[in-house]
Each structure stands twice: as structure tokens, then as C-alpha cells.
Amino acid sequence: MGRAIAIANQKGGVGKTTTSINLSATLAEKGKKVLVIDTDPQGNTTSGFGLNKNQLENTIYELLIGECKVNDALYKDVVDGVDIIPSNVNLAAVEIELIDMEEKEFILKKAIEKIRKNYDFIIIDCPPSLSMLTINAMTTANTVLVPIQCEYYALEGLSQLVHTVNLVKERLNEDLEMEGVIFTMYDSRTNLSMQVVENVKDHISENVYKTIIPRNIRLAEAPSYGLPINLYDTKSSGAEAYRLLADEVIGRKF
36 MGRAIAIANQ
46 KGGVGKTTTS
56 INLSATLAEK
66 GKKVLVIDTD
76 PQGNTTSGFG
86 LNKNQLENTI
96 YELLIGECKV
106 NDALYKDVVD
116 GVDIIPSNVN
126 LAAVEIELID
136 MEEKEFILKK
146 AIEKIRKNYD
156 FIIIDCPPSL
166 SMLTINAMTT
176 ANTVLVPIQC
186 EYYALEGLSQ
196 LVHTVNLVKE
206 RLNEDLEMEG
216 VIFTMYDSRT
226 NLSMQVVENV
236 KDHISENVYK
246 TIIPRNIRLA
256 EAPSYGLPIN
266 LYDTKSSGAE
276 AYRLLADEVI
286 GRKF
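In this note's numbering, the protein residues as written are 36 to 289.
Quick caveat, the hints were computed from the structure, so don't treat them as lab data. For each residue, glycine too, the CB sits at the ideal point set by N, CA and C. Among these hints, one or two may not hold up.
[What the hints assert, rightly or not] Taking lysine to any residue and the SDA-like style, the derived pairs with C-alpha atoms no more than 20 Å apart in a straight line are: (1) K46 / K144; (2) K204 / K245; (3) K104 / E137; (4) K67 / D115; (5) K65 / K204; (6) K288 / S272; (7) K144 / L207; (8) K245 / L207; (9) K145 / D107; (10) K139 / D115.
[As the list claims (entries may be wrong)] What follows is a list of derived Cβ distance ranges for each label pair: (11) H198 / K145: 34 to 44 Å; (12) E191 / N226: 30 to 40 Å; (13) Q195 / T269: 14 to 24 Å.
All chains should be built: construct the whole structure from the sequences, respecting the hints.
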């Protein structure tokens, strides 16, 4: 049964999509079968795997509103070992479409149940908001991984996200756990990055991953080529960091 990890933080620009793409690809590189689910209407994870998000017949939007089955929305082997359920801007309207739907918090979970056993890991890229899409991701997930950018306001919003995770656990998914926190965009040349890491560690009780993702120009370039970092520049510090993160994720037991 695939371990589903929702990658969430309602703050934008913290490395959710970068982590979704590159953790998925490095898990697959290590022999795991991975499903990526893009629940962000921006569709950046979709295009980061080289799909043209504006020319897709079926996406997660059609799946959630019942216009297609899960296998119709599945795009296989976008890179070796990685399948994806993509997203595009149509998904922005889904909240309105779901208003009158029964058990709307569980639509994604029910759809994924049919294929869950086919995967070792399911990585869900959440939108930068605590919306019905994020709730669907969290009812589907076993754990929530929170990327935190090494910047001054890093802790802002984290307590709200933890509160949401606890609410979902209490009312909708009693098996949901915090996977932990991963630091992104770390710049070893600045004192600020180091201070942020120490500050966050002092203030949270959640697991903090040892791996820290560096600020890396190759990581920033890779999505525009539709490639994860391990295929775009396999020897870059970004690729090495995500391989280490994949090792840690595989090693965690829930």
C-alpha cells in the first residue's frame, strides 16, 4: 500500500513544487514506484515533469468532478518510475463545483484507493492555501511534509498549518501524522539561514529532516526544461540533497 505524503505549506514560494518533483524523481531513482498528484491549479509540478498542462484531456479537475476515472487521468512514466495525475488552471474552479457534493473531503481518497497498491509512494503537491484541495490531499495522505524556506518569516503560518493537520486528524483522517519539516533555499553564506534553522528547531516539536536543500541555480533552472534535478544536472548540490532526502524518507517508519 503506497505511503502518501502531502507536501503542504500555505505560504507560497517555499519549495513545495520543487520538493514534490525532485523527491518523487529521486525516490524513483532508488527503485521505488511513485505516483505524483498535482493539486495546485498553477500546475507547476505538471509542467516540471515536461507535460504541457494546457493540452491535457484529463486532469485532476475532471477526476474530482466525476468526468473521468482515475486511470483516464493517469499519465505514466513521465520519468522512469514516476506516474502523475496532472493539474492545470481549470482546477481553480473546483471549489465551486464541489459545494453540493456529498463527502467532498474524500473524493481524492476514494479515487486513489483503486490504484494505491500499485505504488510505494504517493507524493501530493498542495496549493499554497488551506483549501478544499488541501483538505482532500490530507484525507488521502498518511503524512504531511512541510517545506520551510530559510528566511525571516519562516515560522509564520506553520502553527496554523499544524492546527489544520490536527483538525483533519481529529475529524477526517485519524491516521494522519506530521512527516516533518524540510528546510529549503538554504544559503550557507548567510547567518540568517543558520539562524532560521536554529529558531525553527527551538519552536517546533515536529520531526526536522537532517537534509537541508540548498539555494541552487541548477534547481531553479530544471523546471523550465521539464526535468527533475537528478536528470537535469545529476551531480549538482541540489540533486545530491534530494537523494539524501529520499533516503531519509524511505528510512522513516510510521
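State the violated hints by number, sorted upward, taking the hints as numbered earlier in the document.
Per hint list: 1, 2, 5, 6, 8, 10, 11, 12, 13 violated.
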